[in-house]
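With my numbering applied, the sequence shown covers 11 to 108.
Pair ranges (Cβ atoms, derived):
| # | residue 1 | residue 2 | range |
| --- | --- | --- | --- |
| 1 | 49 | 106 | 18 to 26 Å |
| 2 | 70 | 34 | 28 to 36 Å |
| 3 | 59 | 37 | 31 to 39 Å |
| 4 | 34 | 88 | 32 to 40 Å |
| 5 | 31 | 108 | 19 to 27 Å |
| 6 | 87 | 39 | 30 to 38 Å |
| 7 | 88 | 31 | 29 to 37 Å |
| 8 | 15 | 41 | 13 to 21 Å |
| 9 | 97 | 41 | 14 to 22 Å |
| 10 | 63 | 38 | 31 to 39 Å |
| 11 | 38 | 70 | 29 to 37 Å |
| 12 | 49 | 23 | 15 to 23 Å |
| 13 | 22 | 105 | 17 to 25 Å |
| 14 | 52 | 108 | 21 to 29 Å |
By construction, these hints were calculated from the structure, which means they are not laboratory data.
Glycine included, C-beta positions come from ideal geometry on N, C-alpha and C.
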Amino acid sequence: MQSSRLLRPQAREDALEIWQYIAADNETAASALLHRFDRAVQTLATNPFAGRERAELGPGIRSFPVGNYILFYVPAANAVEVVRILHAARDITTEDLG
Numbered sequence: 011m012q013s014s015r016l017l018r019p020q021a022r023e024d025a026l027e028i029w030q031y032i033a034a035d036n037e038t039a040a041s042a043l044l045h046r047f048d049r050a051v052q053t054l055a056t057n058p059f060a061g062r063e064r065a066e067l068g069p070g071i072r073s074f075p076v077g078n079y080i081l082f083y084v085p086a087a088n089a090v091e092v093v094r095i096l097h098a099a100r101d102i103t104t105e106d107l108g
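Please model the entire structure based on the sequences and the hints provided.
Spelled out as structure tokens, the structure:
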């Protein structure tokens with residue numbers, strides 16, 4: 011059974027900022043990356059525990075890589091809630107997911 015897919019406001023802002031940054035050079039690539047994010051969230055909605063557990067970042071937080079980015083999410087009852095979308099090169103802390 012597929013769960014609902016929710017993006018927190020900060021995750022939506024992350025996606026927009028990523029798109030704007032990449033689109034400045036290549037709109038097609040930026041849109042393709044957003045499509046990859048969407049497909050990954052669809053995968054997580056079907057299999058919410060597919061991502062790596064990230065207890066060091068907070069209770070219930072999991073991560074799932076998409077290219078050079080990481081989706082941080084929380085599996086919830088009948089839903090997958092994306093908390094942030096951050097570049098994999100970042101040193102990610104609990105404050106980033108707060």
